[in-house]
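Numbering (the numbering used here), first residue to last: 6 to 984.
Don't read these hints as lab results, they were simulated from the structure. Please note that a few of the clues may not be correct.
[Stated by the list, open to error] Restricting the straight-line Cα-Cα distance to at most 20 Å, the calculated cross-link-like pairs of lysine to aspartate or glutamate (EDC-like) are: (1) Lys942 - Asp865; (2) Lys902 - Glu915; (3) Lys867 - Glu849.
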Amino acid sequence: MRITGKWLRDVREGVIRPMSQAETRNVTSVLKEAAQREPEVAALMAEDGPLRAFVIAALTLSPYLRDVTAVDPKALALALSSPIETLVEDGIRQARESWRPAESGAAPSESEVMSRLRIAKRRVSYAVALADLARIFGARETTRSLSLLADATVAAAIDHLLLTGHDAGKVTLKNPAAPSEGSGMVVLGMGKLGAYELNYSSDIDIVVFFEPLAGILPDPDDGTEVLGRMMRRLVRIMQDRTGDGYVFRSDLRLRPDPGSTPLAIPVEAALLYYEGRGQNWERAAFIKARPIAGDLTAGEHFLRELTPFIFRKYLDYAAIADIHSIKRQIHAHKGHGSIAVKGHNVKLGRGGIREIEFFAQTQQLIAGGRMPPLRVRPTEAALAELAKAGWIDTETRDELTRCYWFLRDVEHRIQMVRDEQTHILPDTESELKRIAYMLGFADTAGFSRKLEETLRTVETRYANLFEQESKLSAGEGNLVFTGQKDDPGTLETLKRLGFKRPEDMSRVIRTWHNGRYRATRSVEARERLTELTPELLRVFGESRQADDALLRFDSFLAGLPAGIQLFSLLGNNPALLALLVNIMSAAPRLADTIAKRPHVFDGMLDPGLMAELPTRDYLAGRLTAFLGGAPHYEEVLDRLRIFAAEQRFLIGIRLLTGSIGGGIAARAFTHLADLVIGAAFDAVVKEMRESHGDFPGGRVAVVGMGKLGSFELTAGSDVDLILLYDYDDAAAESTGPKPLDAVRYFTRITQRLIAALSAPTAEGILYEVDMRLRPSGNKGPVATRINAFTKYQREEAWTWEHMALTRARIVCGDEDLKRQAEAVIAEILATPRDRAKVTADVAEMRSLIDKEKPPRDIWDFKLIPGGLIDIEFIAQYLALTGDRAAGRGASTAEALKSLGEGRLGADEMETCLGALALYGELSQIIRLCIDGPFEPKDAPAGLVDLICTAADVPTLKLLEADLARMSKAVRRIFQATVK
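Model the full structure from these sequences, guided by the hints.
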């Protein structure tokens, strides 16, 4: 007799279609092998119906499901032989019971618990994915099933840890048969886990508190140490990858002040923190908090104690701007200024899941204090309660609910492809087709129309909400800047807006209205500027350094030749106004560029700026056009400076707005440097020929070293160069009216190139030039003949010079000499070396840097132990001691991927690449925005926001904790590799 319930065999015909015939053949082969081990799979393959077609299609669309089937065919057999609800419930129950001792009384080992949890997770998530793709489960059932599974795994792990702690005498449990009972340990699931909304490949956010006087700790003062060690083991149990996979990636950073607090915090300390220092983003985070493990009774009691912090009794409109600012930060970093399909982030992008969540959470924060029914965790329930309370209409509720679950469906399919925690749609047609098929669409066009309609609906509802709320919280007060004397009400308004020197700022603004600048001399220009002033002041006031931001804008105005067109444009283009204000408040370095060179702002008016990537071809075309017709050497150099300044600025704008990320910015800055150096070199050679003629057989090549060589320049980088040359041995001197011998001729070319790049003119400098990586460093000649270079590298160069050579790349010059230099460099790097000597040299060099150049602080990404130098040294060490090359022009990340295979573990590679990406992203932003080191306490608020969004964390303290953890992990990898 068939058990009632939802079976996979109930799948409708054609619910999804296979990816391709080739994939179908591949999957069929996998299933035939599985059929030899599992009768249920054999029966499936013997039939020819909708179920067989569905399973094949699902496995073609999801390489992850295909791979699970190959390694664990039992997972498919179970999914075929039981109702899905029963299978899920059994798997969750097995996970929850995985900690229990055997009948003999022997507790399972930690490795046994880890294995049981992983198998349960794999089989449940496998069955849920098939049920979801078959439309037997909807997104509601999927998210709830995954959340219950996460609850069970965390609770089992906590019980295991408490029981082993009891057996070791670290804690004394009240009831070893129910370890968490009465333990006083509070484990809260946050975010989607707390709301039973976990996505398919989600990590889980948890926070852990404990009651020291609950009676399980022999010495309550030891609680943070004893339970903190347990929490470190918890993270290992949950997320370490073993042969059985992993359970859930686990994040404990939502606890109070994670950079300086233990993983488990006393309840009283937590309550004091939230009452005295808790922030609005933490209030929003706790809306969905739910006890999931440990002492559930204590967890409920803790949340009741925290309710006055989460839901205030008065209507809290002040919270809106704070919560909304988090969303603005996400947009600023992720670059979701427009709606698209390919490459769109369905969670964080415009019209995405986060906007629906914020739409509900913001109103819950405002009204939840007085309306307890609004204090619900799930997003759908929150929308329903808001409609009941009259805060939104039923049409809005229904629209956003439909959009929410459709976007969750899309999100799940993105993650089901390879079990990756990502929310970004593919940017290729073939991979987008995979997602469309998984959703049941016949093609990408139909899917794209549905998605765009959904995103626009959400964006409109979200924008309308905040437009209304801004009216409720408007009214800055007096802003009067006429006359000679300060208006007292205006000074109060400026102070309230965040200006520390309101009298000085009032005087500056009166200057604008008095028409003392060319840009404000016309009545129309002053009228337009007057209309802009309230918004300018409001946004500047949000910066911790509002006065400085306003003064930068004043310098910008002072340099403008005219103002009416710009002010009209800004008044009608809020995005451009926001961008300008963002520059003034977040990026002093860019602001100074605008002030000194107002013409660079013209480039921002190009409507295609953000859409077009600054590729080499893009920049080369513009450089050729810009240099065209420059008759004289000095004019060429000035035009190069103007072009480089403008393009550096525009690349920076793209980075600042999130249109491009740090990696693309690094390549763009490097392409720009290559082109500019090449153009300067050509101008220098032409100028030399006019004065000194050609040198018979003379050839020159310019080698880029360091970050120039590896495509990793920032906005503030100097350039490391080596100049190589060659000539006919029979030639004694050049052929021009002022002949020079070979050494002086090529030395003069080098000196002129350095001057062309670094000598200050009326248009500034191009780049500071560093030639210290040439043979013999500062003691050697500035230009080196190719045979001398070859001999030196073969016979005299130190290990560190060969390390530097791994990043060498020929930037410009004679094609024959470029090929010869490439061959020499390749030969040097391929030379077999004494690995022990290289190891000792690299380790000694890093130790010497540690001693002689200690890092300023955690923000000194280059010098911190486990920072950029460690990662670069790992890549260079692998290049010198391995049996393959990374290729000229490889970035550090590309070199690691190429050279680290087989020498770095998967986790080590992931850690190094993750750290490198974070260091690179933050370095790009910091170098773009400020000169000198980053000082958190003095940094503009806008820059702090940019940094936090780049790292995807809400506060600098969280980021500093991440950097400390990550750098320690990298240092361990460095020490393990270079040994």
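Consistency of the hints with the structure:
1. Lys942 - Asp865: holds (15 Å)
2. Lys902 - Glu915: Holds: Lys902 and Glu915 sit about 10 Å apart, inside 20 Å.
3. Lys867 - Glu849: Measuring from Cα to Cα gives roughly 17 Å; hence the hint holds.
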